[in-house]
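One line per chain: the protein sequences are A and B, in this order. Counting with numbering that gives the first Met the number 0, you get residues 0 to 306 for the letters of the first sequence. Counting with numbering that gives the first Met the number 0, you get residues 0 to 272 for the letters of the second sequence.
One should not assume that every hint holds.
The following residues of chain B were derived to be distant from chain A, with all beta-carbon distances above 12 Å [unchecked claim]: (1) 18; (2) 88; (3) 109; (4) 112; (5) 119; (6) 149; (7) 158; (8) 162; (9) 187; (10) 191; (11) 210; (12) 256; (13) 267.
Calculated lysine-lysine pairs in the DSS-like style (CA-CA distance at most 30 Å, straight line) [as the list claims (entries may be wrong)]: (14) A:13 to B:130; (15) B:165 to A:146; (16) B:165 to B:194.
Read the hints as simulated data drawn from the structure, not as lab findings. Small disclaimer: the values here were computed from a predicted structure and weren't measured. Every residue gets a Cβ at the ideal spot worked out from N, C-alpha and C, and that includes glycine.
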Amino acid sequence: MRDAFSDTIVRLAKADPNVLLLTGDHGYALFDDFRKECSSQYINAGIAEQNMVGMAAGMARAGFRPIVYGLSAFVPMRVVEQIKLDIAHDQLPVMLIGDGAGFVYSYLGTSHQSTEDIACTRAIPNLSVYSPADRFELIACMDLAYKSKVPVYLRMGKSDRGDVHMGVPQAKVGRLLEVKPGQCGDIAFIATGSLVHTAMNIAADLYSDAVVWSAPFIKPIDHQQVTTICAQSRVVVVLEEHSVLGGLGSVITEIACELAPVQILRVGVQDRFSEHCGGYEYLLKEHGLDRLAIEQRVHDFLKKTAH
Amino acid sequence: MNASTPNFSAKALRKTVLDMAYAGSAVHIGCAFSIIELLVVLYRNHLHYPGNDPLAANRDYFVLSKGHGVMAQYACMRELGWLHNEAFTGYFSDGSLLKGLSDSRIPGMEVTSGSLGHGFSVGVGMAMGAKLRSTEQKTYVLVGDGEINEGPIWEGALFAAQHRLKNFMVIVDENGFQAMGKTQEVLNLGNIQSKFESFGFEAVTIDGHDEIAIDNAITQFWASNSTAPKALIAKTVKGKGVPFMEHNNIWHYTRLDQHTYMQALEAVAGNAL
């Protein structure tokens with residue numbers, strides 16, 4: 000996914016001299032190609048995220064197309080107010096990239112882990128929130144963000160989970176993408192980011208009639224499509240490497256409870272910080288987001304809802 | 000936009016501020032009065048808006064980062080023909096256009112301020128953009144001395160100096176007060192000029208109510224051979240122009256009643272600034 004990111008920013012910047020890449024002193028090695036091929040469009044703003052995001056707003060007002068890169072724990076979390084007031088308020092075409100979302104920085108602790116970012120950003124008017132699952136969705140999301148000329152927060156999570164698509168999908172802003180077909184009336188898994196892959200594996204092995212959807216667009220999201228999915232499903236399981244408060248699980252639940260009530264299991268971080276240090280898989284286990292724990296939760300939920 | 004001849008007299012602008020503050024029962028009069036002469040000189044002599052269009056692509060950028068002084072900017076924008084009288088007589092009425100703090104959706108205002116410390120960075124971004132395009136555009140950011148408590152100001156100052164943004168000027172309205180008291184007693188800023196100098200700015204301190212001094216300082220800055228960004232430290236008086244408001248921080252929050260309004264109008268009318 001990181002190679003796809005690098006390739007895409009180089010492609011966008013070469014095609015449009017107004018594209019500027021701003022980084023808050025992050026992205027070691029990631030920007031080698033960009034710095035080589037588009038050096039005049041690269042700005043290291045230093046360890047000063049608030050100023051970086053404010054500057055991006057000023058550059059956008061002056062006609063540029065800034066892409067702001069930071070770790071998700073800092074962009075958007077540290078700069079929510081700059082995003083709200085300086086960028087979203089005026090619908091400025093700034094692409095905000097939050098890398099390492101979820102538990103990617105499993106060894107570094109709470110400061111670098113980011114499981115609140117969707118909740119914080121999706122409440123900001125005019126701001127779109129994208130959460131690609133693999134390199135192909137990333138390319139589609141970035142191209143749509145560039146073309147749409149609206150402020151977008153693009154969340155990049157664990158980048159080496161493997162592909163969920165065979166190639167760049169025909170994506171449309173707001174539309175969920177089917178990554179595994181299933182039977183009408185069975186289970187619908189709706190996942191975003193790193194957990195799309197997990198949902199596909201669980202469904203493929205244990206619930207062959209279940210349909211699996213990837214949601215690369217958290218906001219806007221196609222209400223009609225979500226309603227149809229919910230109306231056609233026995234139960235819905237939503238998975239995300241993000242808090243269950245305010246993330247994709249909330250989005251689906253909010254729509255369903257108004258338009259197509261269905262029982263929904265929200266799999267995500269249970270309103271808590273990580274306790275321990277360890278590898279990525281270890282952290283997923285700590286939060287009950289590893290494959291086995293999710294299988295168990297789905298099993299228990301299906302048992303409960305069968306009655 | 001067409002403008003009749005603007006009357007950028009400090010006296011006329013203060014009267015506009017008083018009229019609208021009284022009409023809207025609005026606060027922050029002292030904050031507006033300390034920057035009147037700075038705005039007079041900027042709008043009359045320096046800010047370049049081709050075709051008098053506040054959205055002209057090659058305009059100079061004026062960022063009022065201390066949004067609390069917004070009534071002074073509204074008064075100037077009326078003189079330019081960008082705002083009409085109804086917006087002033089109906090200030091703060093339901094559904095009206097102008098808010099108590101600046102809103103960037105109104106042409107002529109570059110930021111939505113009120114949360115302090117934002118406009119400086121936006122202005123640095125604009126100046127960087129102008130530098131990248133090699134245009135002649137200048138960026139002016141007006142901040143309050145209380146406002147520079149905010150961290151992003153100093154982040155932006157580092158960036159402006161690092162990238163030699165000689166087209167960028169911060170103007171500090173040093174009126175010595177912030178919302179809850181004297182700046183010295185809240186977070187003492189010490190010598191603001193030397194602070195900006197130590198961050199790599201070319202800086203000068205002047206009387207912020209002396210239009211000639213302001214004009215000369217700005218002219219000299221742009222004539223300078225230095226590639227450093229500029230800091231104009233303007234020593235001002237909060238509430239300037241109305242003796243009972245001057246140096247009296249209650250006029251950060253106090254509303255005019257009929258009596259104080261009439262008194263203030265008299266003071267402004269008799270005050271040959």
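Closest CB of chain A to the CB of residue 112 of chain B still more than 12 Å away: 8 Å, violated
30 Å limit on alpha-carbon distance, applied to hinted pair residue 165 of chain B and residue 146 of chain A: Violated, at about 33 Å.
Check on residue 158 of chain B being off the interface with chain A, judged by Cβ distance over 12 Å: At roughly 6 Å from the nearest Cβ of chain A, residue 158 of chain B sits no farther out than 12 Å, so the non-interface label is violated.
Beyond 12 Å from every chain A Cβ - status for residue 149 of chain B: Residue 149 of chain B is in fact no farther than 12 Å from some Cβ atom of chain A, at 9 Å.
Restraint status (C-alpha distance of residue 165 of chain B to residue 194 of chain B at most 30 Å): 18 Å, holds
Residue 109 of chain B remote from chain A - nearest C-beta pair above 12 Å: 7 Å, violated
Whether residue 210 of chain B stays farther than 12 Å from all C-beta atoms of chain A, as the label says: 28 Å, holds
Claimed clearance of chain A by residue 162 of chain B, with the beta carbon kept past 12 Å: 8 Å, violated
Assertion that residue 256 of chain B lies outside the chain A interface [Cβ separation over 12 Å]: 33 Å, holds
12 Å Cβ clearance of residue 18 of chain B from chain A: 29 Å, holds
Given as non-interface: residue 191 of chain B, partner chain A, CB spacing beyond 12 Å: 19 Å, holds
Minimum Cβ-Cβ distance from residue 187 of chain B to chain A exceeds 12 Å: Fine: 23 Å to the nearest Cβ keeps residue 187 of chain B off the interface.
Of the numbered hints given earlier, the model fails hints 3, 4, 5, 6, 7, 8, 15; all others are met.
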